[in-house]
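**Student:** So the chains spell out like this:
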Amino acid sequence: MNRKFKTAGAPHFPPQTTVTRVMLQVLIALIPAIAAHVWFFGPGILFQITLAVGFAVGFEAMMLKARHQPVRLFLGDLSAVLTAVLFALCIPPLAPWWISLIGMLFAIVVAKHLYGGLGNNLFNPAMVGYVVVLISFPQAMTAWLPPVAIAPVPLGIMDTLAAILGGKLPGDLTWDAITGATPLDLIRTSVASGEMISEARSSPVFGDFGGLGWEWIANWYAVGGIWLLWRRVIGWHVPVTMIGSVLLLGLIAWLTDPGSNPSPLQHVFSGALMIGAFFIATDPVSGCASTRGRLIFGAGVGIITLVIRRWGGYPDGVAFAVLLMNMAAPLIDRYTRPRIFGR
Amino acid sequence: MAARLKIPGLPSFRNGVHPPENKDLTSGIPSRRLPFPDEVILPLSQHIGRPAEALVKPGDRVERGDVIAKASGYVSSFVHATASGTVKSIEHWPHPAGAMQPSVRIDVDPHSTQLQRPRLVPHWDEVPAEQLSEEISKAGIVGLGGAAFPMHVKLRPPEDQPVDVLMVNGSECEPYLTSDHRTMLERPEHVHQGIRIVLRALGISRAVIGIEVNKPDAIEIMRETAPTDLDVRVQPLTVKYPQGAEKMLIKAVTGREVPSGKLPASVGALVQNVATTASVAQVFETGQPLIERIITVSGRGIRQPGNWVIPFGTKLSDVIAACGGFTEDASEIVFGGPMMGQSQASLDVPVLKATGGILVLSKSECKRQDILPCIRCGKCIDACPVFLNPQLMGALARVDRFEEMTENNLGDCMLCGCCSFVCPSNIPLSQLFAMSKIQLSRLKAA
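Sequence order for the protein chains is A and B. Counting in this note's numbering, the first sequence runs from 1 upward without gaps. Counting in this note's numbering, the second sequence runs from 1 upward without gaps.
No wet-lab data here; the hints were simulated from the structure. We treat Cβ as the ideally placed atom computed from N, Cα and C, and that holds for glycine. Keep in mind that the hints are not guaranteed to be accurate.
Derived lysine to any residue pairs resembling SDA-like cross-links, with alpha carbons at most 25 Å apart [unchecked claim]: (1) A:Lys6 <-> B:Lys262; (2) A:Lys6 <-> B:Gln101; (3) B:Lys363 <-> A:Pro15; (4) A:Lys6 <-> B:Glu328; (5) A:Lys4 <-> B:Arg300; (6) A:Lys6 <-> B:Arg303; (7) A:Lys4 <-> B:Asp38; (8) B:Lys437 <-> B:Asn409; (9) B:Lys367 <-> A:Ala8; (10) B:Lys262 <-> B:Gly146; (11) A:Lys65 <-> B:Leu263; (12) B:Lys437 <-> A:Pro338; (13) A:Lys4 <-> B:Cys323; (14) B:Lys23 <-> A:Pro338; (15) A:Lys4 <-> B:Asn409.
If you only want the chain A side, here are some residues facing chain B, beta carbon under 8 Å, derived [as the list claims (entries may be wrong)]: (16) Ala140; (17) Ala328; (18) Pro338.
Kindly produce the complete structure, drawing on both the sequences and the hints.
**Tutor:** Set out below in structure tokens:
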């Protein structure tokens with residue numbers, strides 16, 4: 001009877017969920033979209049994910065060590081891996097390897113660890129990394145491949161690897177020959193030059209709603225996102241208000257002037273909107289915490305995205321919209337504190 | 001995750017959590033009497049309020065049921081000998097709440113029959129209502145739901161806040177615990193008789209018994225045995241923690257929200273636990289004061305989980321021995337339920353009036369140690385039944401900004417543990433809040 005017993009504060013329960021499990025489920029939810037990406041755009045994305053994850057884990061371990069934090073514990077939380085995968089999904093599949101290096105440097109070292117590590121980053125690390133490379137290396141970051149189905153020359157695995165690591169293309173192909181404008185680029189340039197959207201839409205890169213291929217990847221993001229909703233990993237607030245605000249405002253714009261505004265469904269199924277709504281704007285750390293705050297946050301991201309797409313300097317604006325709303329999140333949380341029970 | 005017994009139309013409250021119930025370990029086991037131990041240790045403080053004042057001295061012979069300490073003020077309670085024997089000493093002894101507390105040690109007489117000393121109690125129906133609460137006070141009755149608030153105080157609500165409904169709490173929302181469940185199954189007539197007496201003491205005629213739907217047999221038996229001449233209704237409730245918290249129960253059953261910082265009486269309600277009303281009935285039936293109760297001994301760290309009638313003051317070690325001892329991987333002992341209970345460092349601590357359960361948790365039932373930073377996921381906000389922002393308060397607590405926690409309504413936190421339970425980073429939020437409350441009261445006192 002002289003056994004020693006440990007004491008602990010209530011509640012006395014094994015963990016119901018862990019940060020690792022949360023991150024892992026988000027990663028699992030991305031698998032269908034990654035598979036679709038490979039299907040439509042070739043194996044480039046797989047190399048980009050490998051590169052980004054490698055750099056991210058390396059930077060994470062380095063920074064944890066420099067900050068005297070337990071390396072194994074924090075690497076195990078998978079947050080760096082998730083950041084890397086989200087980043088890789090945002091860059092062109094043939095982007096050179098150093099894009100990942102620089103993106104992850106800013107995502108993990110600057111946006112995450114210089115702000116205090118997991119849980120303390122003000123901005124979404126993947127979006128910080130993406131915006132840094134987007135602004136700094138516009139040429140590399142706009143070299144998007146058309147879907148395999150309409151590509152002039154589909155690239156094989158070794159060709160893809162050579163392009164990413166050495167910047168070499170097989171034979172006498174040039175970058176201009178194999179890459180092309182994305183649907184959002186086309187809409188942007190056509191609107192800028194006074195063309196009608198319907199003319200731009202005659203390009204083969206368009207599908208039923210969004211871009212050919214892109215709209216299917218968006219569908220799979222949504223499927224993964226709905227699975228996360230069902231598993232209660234994310235809440236419905238941000239995806240619903242973000243997509244809802246885009247649909248509503250897009251519809252108003254489209255009805256007023258269908259010539260220079262794409263249809264609301266085009267907006268939803270193009271660019272980073274779906275991944276943004278389910279995987280990026282739902283990042284808890286840099287988003288809002290209160291229920292009403294999350295509603296405002298999602299709507300804000302949706303509205304700013306539309307504004308940038310319509311009037312801004314970039315074809316897509318999800319990343320900028322997320323970062324701008326990240327800045328506003330603490331303030332929103334402050335003014336959306338819920339009523340206390342009995343008050 | 002626990003099965004969600006969400007039945008549409010059942011009343012409940014907003015937020016809260018669904019911990020694994022683990023009640024089937026003991027819910028089917030009828031209560032048995034634990035053998036009388038060699039000694040009982042009765043702390044003078046087994047209730048909220050001032051400690052009782054000892055009336056015995058070492059060497060005194062006491063019989064089971066004798067008063068050994070009297071209430072030392074209005075918010076205080078009587079303590080009775082729970083077994084016949086000789087007072088050995090009054091000394092500081094390990095108390096389940098943590099510190100050493102003055103306690104009366106009684107050497108139990110091994111030759112005694114342990115029959116209670118006869119005590120004269122007036123017939124409940126023939127005395128003025130005020131006298132009922134006095135008898136209840138003299139019998140040392142306190143709330144058995146966990147808080148151990150002296151019952152007679154509750155029976156005298158403020159003049160300007162008349163009570164119109166008695167809520168009888170049979171929700172037993174804490175996982176593992178089945179003592180209230182067994183009380184309802186085994187002593188339904190006592191529960192109802194106690195309700196009758198309390199209603200008379202309050203001068204009202206309406207009572208609602210709230211029972212979570214995971215206890216269908218209890219709902220049925222309480223309905224079958226309900227009196228026909230009184231407005232006593234059984235209300236099935238959604239299975240959700242903390243359904244048994246006073247404010248949540250009142251909200252679920254009546255839709256009334258107890259204002260922040262106020263007592264249930266401010267919305268005309270009074271809450272009593274089913275075991276408490278059963279003990280009231282016993283006072284007026286046999287004169288037996290509050291000296292024992294049904295206690296659930298459960299968890300995967302004990303060889304024979306079960307429900308036991310245990311005299312207060314029985315040492316934890318005696319309870320464990322009577323329940324077959326520990327299993328190999330027993331690693332933590334908790335008094336109360338897993339959500340709000342207190343873990344025990346010593347096997348010498350005695351069982352108290354408010355001890356509804358003793359859990360011996362195996363390693364796999366305990367919480368893990370590693371804590372990650374808050375990822376602001378908001379699960380705690382979605383879980384908090386009083387709509388606080390635990391993640392913000394937790395961040396403040398870790399840097400000792402207690403005043404700012406007050407501004408964020410720390411005072412409304414009832415330490416139910418929902419936030420800690422759902423936290424993926426395993427941050428001990430409710431523990432931080434408990435400590436912050438203590439720090440704040442120290443700062444105020446200084």
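**Student:** With reference to the structure, classify each hint as holding or not holding.
**Tutor:** Hints, verified against the model:
no.	hint	result
1	A:Lys6 <-> B:Lys262	violated (36 Å)
2	A:Lys6 <-> B:Gln101	holds (21 Å)
3	B:Lys363 <-> A:Pro15	holds (12 Å)
4	A:Lys6 <-> B:Glu328	holds (15 Å)
5	A:Lys4 <-> B:Arg300	holds (17 Å)
6	A:Lys6 <-> B:Arg303	holds (19 Å)
7	A:Lys4 <-> B:Asp38	holds (23 Å)
8	B:Lys437 <-> B:Asn409	holds (11 Å)
9	B:Lys367 <-> A:Ala8	holds (8 Å)
10	B:Lys262 <-> B:Gly146	holds (19 Å)
11	A:Lys65 <-> B:Leu263	violated (52 Å)
12	B:Lys437 <-> A:Pro338	holds (22 Å)
13	A:Lys4 <-> B:Cys323	holds (18 Å)
14	B:Lys23 <-> A:Pro338	violated (34 Å)
15	A:Lys4 <-> B:Asn409	violated (38 Å)
16	Ala140	violated (32 Å)
17	Ala328	violated (15 Å)
18	Pro338	holds (5 Å)
Hint violations for this structure: numbers 1, 11, 14, 15, 16 and 17, all remaining hints satisfied.
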